[in-house]
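*Asks:* From just these sequences and the hints, can you work out the full model?
The primary structure of each chain is shown beneath.
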Amino acid sequence: MGKANPLMPQTVTVLDITTETPDVKTLRVAGKEGIPFDFMPGQCAMLSVPPVGEAIFSITSSPHCRDCLEFSIKRVGDVSGVLHELVSGRQLGIRGPYGNGFPVDEMKGKDLLFIGGGIGLAPLRSLIGYCFANREEYGHIDIVYGARSPADLVRKSEIGETWPEQPDSTVYLTVDAEFPDWSGHVGFVPSYVSELAFTPENRIAVTCGPPIMIKFVLQALEKLNFAPEHVITTLEMRMKCGVGKCGRCNLGSVYVCKDGPVFSLAQLNELPSEY
Amino acid sequence: MKKLLLKEKWPELWALLAHEGPLYLPVEEGSVVLYQLWQEGVKVNLEAVNSTVSPKDIFLPREETYLRYSCQGEMLDLEDVESDEPIIAFALHPCDLKAIEMIDRVFLNQDPPDALYKKRRENTTVVALACRQPDPYCFCGVFGIDPTDAPGADVMAYLTEKGLLLEEQTAKGKILLEKAAPLLEVEADETNITVDVKTQDFGLQVEGLPEDLQERFNDPVWDDLFRSCLGCGICTYVCPTCYCFDVEDYGHEEGGERFRCWDSCMFGHFTQMAGGHNPRPSRKERVRQRFMHKLCYYPETYGEIACVGCGRCLRSCPVNLDIVQAIKALGGEKVG
Amino acid sequence: MEEQISEQTVKVKKAVSQDLLGGRIDLLLGWEKGHYWWQSRPLFARSEKDLERLVWDSFCAVNLSRYLQDELKENKKIGVLVKGCDARAFNRLLQDRIVERERVILYGLPCPGMLDYARLTEEGGSDLEGIIEQDGTVILQTKEENKEMPREELLLARCRNCMHPDPVVYDQMLFTPLGDRERPEHFKAVEELERLSADERYTYWEKELSRCLRCYACRQVCPYCSCLECFVEQKSPRWQGRAYQPSENFMFHLVRAYHGTGRCIDCGECERVCPVGIPLMELNRKLIKDINELYGHYEAGLDPEQEPPLLTYRPDDPAAFSEK
Ligand SMILES: Cc1cc2nc3c(=O)[nH]c(=O)nc-3n(C[C@H](O)[C@H](O)[C@H](O)COP(=O)(O)OP(=O)(O)OC[C@H]3O[C@@H](n4cnc5c(N)ncnc54)[C@H](O)[C@@H]3O)c2cc1C
Ligand code: SF4
Ligand code: SF4
Ligand code: SF4
Ligand code: SF4
Ligand code: FES
Numbered sequence: 060m061g062k063a064n065p066l067m068p069q070t071v072t073v074l075d076i077t078t079e080t081p082d083v084k085t086l087r088v089a090g091k092e093g094i095p096f097d098f099m100p101g102q103c104a105m106l107s108v109p110p111v112g113e114a115i116f117s118i119t120s121s122p123h124c125r126d127c128l129e130f131s132i133k134r135v136g137d138v139s140g141v142l143h144e145l146v147s148g149r150q151l152g153i154r155g156p157y158g159n160g161f162p163v164d165e166m167k168g169k170d171l172l173f174i175g176g177g178i179g180l181a182p183l184r185s186l187i188g189y190c191f192a193n194r195e196e197y198g199h200i201d202i203v204y205g206a207r208s209p210a211d212l213v214r215k216s217e218i219g220e221t222w223p224e225q226p227d228s229t230v231y232l233t234v235d236a237e238f239p240d241w242s243g244h245v246g247f248v249p250s251y252v253s254e255l256a257f258t259p260e261n262r263i264a265v266t267c268g269p270p271i272m273i274k275f276v277l278q279a280l281e282k283l284n285f286a287p288e289h290v291i292t293t294l295e296m297r298m299k300c301g302v303g304k305c306g307r308c309n310l311g312s313v314y315v316c317k318d319g320p321v322f323s324l325a326q327l328n329e330l331p332s333e334y
Numbered sequence: 019m020k021k022l023l024l025k026e027k028w029p030e031l032w033a034l035l036a037h038e039g040p041l042y043l044p045v046e047e048g049s050v051v052l053y054q055l056w057q058e059g060v061k062v063n064l065e066a067v068n069s070t071v072s073p074k075d076i077f078l079p080r081e082e083t084y085l086r087y088s089c090q091g092e093m094l095d096l097e098d099v100e101s102d103e104p105i106i107a108f109a110l111h112p113c114d115l116k117a118i119e120m121i122d123r124v125f126l127n128q129d130p131p132d133a134l135y136k137k138r139r140e141n142t143t144v145v146a147l148a149c150r151q152p153d154p155y156c157f158c159g160v161f162g163i164d165p166t167d168a169p170g171a172d173v174m175a176y177l178t179e180k181g182l183l184l185e186e187q188t189a190k191g192k193i194l195l196e197k198a199a200p201l202l203e204v205e206a207d208e209t210n211i212t213v214d215v216k217t218q219d220f221g222l223q224v225e226g227l228p229e230d231l232q233e234r235f236n237d238p239v240w241d242d243l244f245r246s247c248l249g250c251g252i253c254t255y256v257c258p259t260c261y262c263f264d265v266e267d268y269g270h271e272e273g274g275e276r277f278r279c280w281d282s283c284m285f286g287h288f289t290q291m292a293g294g295h296n297p298r299p300s301r302k303e304r305v306r307q308r309f310m311h312k313l314c315y316y317p318e319t320y321g322e323i324a325c326v327g328c329g330r331c332l333r334s335c336p337v338n339l340d341i342v343q344a345i346k347a348l349g350g351e352k353v354g
Numbered sequence: 543m544e545e546q547i548s549e550q551t552v553k554v555k556k557a558v559s560q561d562l563l564g565g566r567i568d569l570l571l572g573w574e575k576g577h578y579w580w581q582s583r584p585l586f587a588r589s590e591k592d593l594e595r596l597v598w599d600s601f602c603a604v605n606l607s608r609y610l611q612d613e614l615k616e617n618k619k620i621g622v623l624v625k626g627c628d629a630r631a632f633n634r635l636l637q638d639r640i641v642e643r644e645r646v647i648l649y650g651l652p653c654p655g656m657l658d659y660a661r662l663t664e665e666g667g668s669d670l671e672g673i674i675e676q677d678g679t680v681i682l683q684t685k686e687e688n689k690e691m692p693r694e695e696l697l698l699a700r701c702r703n704c705m706h707p708d709p710v711v712y713d714q715m716l717f718t719p720l721g722d723r724e725r726p727e728h729f730k731a732v733e734e735l736e737r738l739s740a741d742e743r744y745t746y747w748e749k750e751l752s753r754c755l756r757c758y759a760c761r762q763v764c765p766y767c768s769c770l771e772c773f774v775e776q777k778s779p780r781w782q783g784r785a786y787q788p789s790e791n792f793m794f795h796l797v798r799a800y801h802g803t804g805r806c807i808d809c810g811e812c813e814r815v816c817p818v819g820i821p822l823m824e825l826n827r828k829l830i831k832d833i834n835e836l837y838g839h840y841e842a843g844l845d846p847e848q849e850p851p852l853l854t855y856r857p858d859d860p861a862a863f864s865e866k
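Chains as they are written, first to last, in this note's numbering: chain A, 60 to 334; chain G, 19 to 354; chain Y, 543 to 866.
If you're looking for bench data, these hints aren't it; they were derived computationally from the structure.
Backbone N, C-alpha and C define an ideal beta-carbon position, used for all residues, glycine too.
One thing to keep in mind: the hints can contain errors.
DSS-like mimics (lysine-lysine), calculated; alpha carbons at most 30 Å apart, straight line [as the list claims (entries may be wrong)]:
1) Y:Lys749 - G:Lys25
2) G:Lys25 - Y:Lys685
3) G:Lys346 - Y:Lys730
4) Y:Lys685 - G:Lys352
5) G:Lys216 - Y:Lys685
6) G:Lys302 - Y:Lys615
7) Y:Lys615 - Y:Lys777
Partial list, computed: chain G residues near chain Y (C-beta under 8 Å) [as the list claims (entries may be wrong)]:
8) Val50
9) Pro154
10) Thr188
11) Leu248
12) Val256
13) Asp264
*Replies:* Printed below as a string of structure tokens:
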């Protein structure tokens with residue numbers, strides 16, 4: 060049976076853990092020969108620490124990084140809590156990759172608008188890394204990213220230094236309220252998107268973040284005349300198997316773990332709004 | 019050709035088959051009948067039509083351990099738990115076999131196949147038992163199931179006055195009957211086989227219902243249908259076509275196991291997410307999910323309603339919020 | 543079986559329709575027939591048309607007051623039909639501050655006991671076609687011949703043990719009260735278990751509970767299990783695991799039973815709904831019996847003013863359990 064059992068994890072080792080924000084840490088993990096499996100941006104993996112259990116997380120590193128997988132994990136419960144306590148050298152279980160991933164081929168030749176909030180940067184970061192690694196395939200890249208406070212912005216060196224330096228790309232940062240150490244934009248992500256007035260022509264928008272932010276970002280994009288086919292988002296549901304069997308992550312006959320978590324707004328409009 | 023196993027030789031057959039591997043058959047325990055492992059002294063009941071809980075747990079056990087872990091310092095060791103035992107599932111009724119075919123589509127035919135389920139399916143020889151007299155709860159006819167025929171079985175069995183008539187349908191079935199050969203009579207008495215068994219239909223008319231329901235996620239029916247629901251898991255646990263599961267660890271830091279176990283879409287925590295959000299926050303959404311899955315979502319993917327009319331939810335739901343009530347409320351009735 | 547609208551049903555309808563149609567209540571919790579003559583299921587009546595379906599017969603076993611917890615969130619005032627046990631369940635909810643008395647109108651139904659379909663088919667065969675009730679007896683109509691039996695012998699187990707068939711709390715009593723009953727066999731099963739050794743008892747319960755599906759129907763119908771969050775679902779600490787192991791079976795059933803000590807109203811709903819026939823009342827009655835022996839006779843749900851024994855403290859309370 061061995062590897063054939065899709066519920067059976069393999070082991071990987073924690074390379075290091077960095078603290079991103081008060082409740083988010085990034086784990087870098089690797090198997091004996093680097094990444095335990097190939098994947099595409101937007102796909103996820105089940106991480107497990109017995110006897111606490113398993114939980115699903117987006118792979119935040121780019122597929123081009125072959126020596127390790129990265130996960131940015133927000134502490135909300137049991138598994139995320141124990142993952143935060145791990146130290147480098149410790150082994151944990153992993154299985155995956157799960158989900159459909161972003162439509163990187165359909166996005167080719169287009170200008171891209173990435174809109175993220177808080178921990179929602181995790182899946183976007185993998186995609187952003189992928190697009191930068193294949194820079195010539197894509198048009199102009201805009202990244203709008205926000206969090207509650209400056210302290211809640213993850214990946215500060217990338218958003219502050221690496222990405223703005225990439226050719227033909229712009230990074231817009233915002234935080235929800237005024238902070239003494241913050242001289243950048245202040246305001247919620249959706250209104251920043253409206254303010255920046257992105258044009259829909261030849262542009263695909265991809266947004267990930269807390270449900271409430273996504274809701275308003277979608278409204279903002281609609282106002283800016285983005286066609287539903289050109290707006291892409293990811294959904295979060297409670298997941299146990301990741302392979303479309305355990306039955307809890309469906310929207311109608313669609314299983315978010317297998318058929319998602321990436322959907323276009325056009326697809327979502329066709330599904331029961333049970334998320 | 020059918021072969022006869024005289025009533026008085028049944029226990030000998032059980033003992034012989036149980037020697038080969040786990041033998042599951044309908045066992046009576048007080049007021050309930052459950053498919054259980056045969057052992058000396060259990061009360062086998064072949065007259066019962068539908069067991070209290072469906073025999074799906076032969077293939078999808080209530081609880082199934084699939085890995086053992088041990089952890090020493092930094093090292094984590096994960097080990098597969100496999101079982102290769104040949105299983106015999108005895109006296110499954112045609113509706114329950116049809117239900118297994120429905121689970122097969124999800125667990126075998128959808129990529130990736132479920133290895134645990136696949137193994138059990140492959141390792142199991144199924145002896146189906148034709149129904150002679152349906153239970154008052156049976157309505158398999160509504161879904162076009164013939165209660166005297168189970169095409170998916172390895173051996174087909176029929177109850178007669180004298181005993182059990184057995185007929186092989188597959189190579190696996192042939193092997194099983196060869197093992198049983200010493201106990202079987204050559205002269206088969208076929209006079210008592212009932213082939214024309216009719217179940218009731220409650221006036222149901224389900225053609226077109228799945229398509230109709232695709233537009234009815236927000237139908238006002240859902241605002242009231244759920245009210246009597248208690249929010250227990252009986253309906254999903256007794257049902258042969260329900261297959262949802264959970265995964266959990268059992269053990270301590272140094273060692274233990276991971277298992278999967280039955281779960282139910284009728285429970286609130288089934289979809290409970292971190293941060294307090296629940297996409298199905300009340301019984302309304304959960305009742306809708308259960309019935310929509312059976313009557314709309316499953317057929318959308320696989321072309322058939324995921325109910326075999328076994329009647330278990332009609333028998334066991336304490337408030338009779340069963341599939342027939344749902345179908346009727348949704349308009350799946352014959353007109354006139 | 544020919545549907546018989548009994549005189550009693552007519553009278554119940556009349557009583558409640560005045561209040562429902564007159565706007566005194568927004569919702570009436572009653573029963574209607576299910577698919578079979580032996581099933582009556584909850585009816586949520588809001589209109590005259592709904593009320594046409596109302597029945598009061600020998601199969602109205604479901605305790606409707608259990609729905610008040612949720613329905614009071616959506617309705618201002620609710621009418622409920624209550625049998626003896628249902629009324630005690632209502633008192634339980636009242637005492638646990640789950641319902642407000644003034645938002646509920648209780649229609650009291652003195653209850654002759656509900657019939658048990660399992661018993662009926664045991665006596666009349668699985669192809670039983672119907673029954674006819676004549677005061678105190680039931681005629682079982684089988685394909686071949688009719689069989690007459692005392693009604694008492696065909697009741698649900700819980701009704702055979704019921705001592706208070708008349709509602710103890712009500713706004714309107716719809717029929718003549720039947721009077722309390724003696725039930726000398728009430729603790730018989732418990733006494734038999736008490737005679738076993740600890741090991742034998744363990745084996746007994748391990749086997750019985752091994753059938754438990756953890757469907758939680760017993761908890762969902764239970765009038766004392768009205769907790770907004772049950773220990774079963776609590777996350778930290780995590781009390782209840784999902785494994786179908788003896789330890790987890792005992793965890794659920796023993797903790798639940800302890801939560802019901804001095805609070806269980808002896809209605810037997812849990813045992814009635816259990817799909818796999820686990821004798822849950824043997825566990826509950828054991829605790830009722832212990833409470834009686836330790837703290838004096840107490841029947842939960844009879845009087846909402848009387849504090850449950852485990853919620854009160856007296857310096858001379860016995861503490862036999864801590865002395866061993
Ligand atoms: C596709 C996808 C991608 C994701 N990517 C990321 C990511 O990149 N980073 C990230 O941080 N998160 C991500 N998440 C979210 C992450 O999966 C959850 O935060 C995680 O599962 C929480 O697990 P936990 O064990 O820490 O929480 P749990 O301990 O499981 O608890 C979380 C909450 O769930 C509820 N709950 C859980 N079990 C029960 C139960 N048995 N009964 C009742 N309530 C229960 C409780 O409300 C609890 O507060 C993603 C989720 C999905 C679906
Ligand atoms: S429909 Fe019936 S069996 Fe199912 S959860 Fe509701 S009350 Fe329980
Ligand atoms: S829904 Fe009810 S009748 Fe249909 S298969 Fe499931 S238990 Fe049987
Ligand atoms: S078992 Fe205990 S915690 Fe759970 S609902 Fe009942 S009384 Fe409350
Ligand atoms: S109703 Fe019966 S099977 Fe269900 S949880 Fe209670 S004891 Fe277990
Ligand atoms: S997580 Fe199991 S079906 Fe999607």
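*Asks:* Need the status of pair G:Lys346, Y:Lys730: alpha-carbon distance at most 30 Å?
*Replies:* 44 Å, violated
*Asks:* Does the alpha-carbon distance linking Y:Lys749 and G:Lys25 stay inside the 30 Å limit?
*Replies:* 29 Å, holds
*Asks:* Holds or violated: is the Cβ of G:Thr188 closer than 8 Å to a Cβ in chain Y?
*Replies:* 32 Å, violated
*Asks:* Less than 8 Å between beta-carbons is the criterion; does G:Val256 satisfy it with respect to chain Y?
*Replies:* Hint holds; G:Val256 Cβ to chain Y Cβ min 6 Å, cut 8 Å.
*Asks:* Quick one, are Y:Lys685 and G:Lys352 close enough, alpha carbons at most 30 Å?
*Replies:* 29 Å, holds
*Asks:* If you take the shortest Cβ to Cβ gap from G:Asp264 to chain Y, is it below 8 Å?
*Replies:* Result: holds, 6 Å to nearest chain Y Cβ.
*Asks:* Would the pair Y:Lys615 and Y:Lys777 pass a check requiring their Cα atoms to be no farther apart than 30 Å?
*Replies:* 26 Å, holds
*Asks:* Holds or violated: G:Lys302 and Y:Lys615, Cα atoms, limit 30 Å.
*Replies:* 14 Å, holds
*Asks:* Should the hint that G:Val50 touches chain Y count as held when the rule is a Cβ pair under 8 Å?
*Replies:* 5 Å, holds
*Asks:* Once the shortest beta carbon distance from G:Leu248 to chain Y is found, is it less than 8 Å?
*Replies:* 4 Å, holds
*Asks:* Are G:Pro154 and chain Y close enough, Cβ to Cβ, to be under 8 Å, as the hint says?
*Replies:* 7 Å, holds
*Asks:* Would the pair G:Lys216 and Y:Lys685 pass a check requiring their Cα atoms to be no farther apart than 30 Å?
*Replies:* Status holds; Cα separation ~18 Å.
In the structure shown, a violation is registered for the earlier hints numbered 3, 10, in ascending order.
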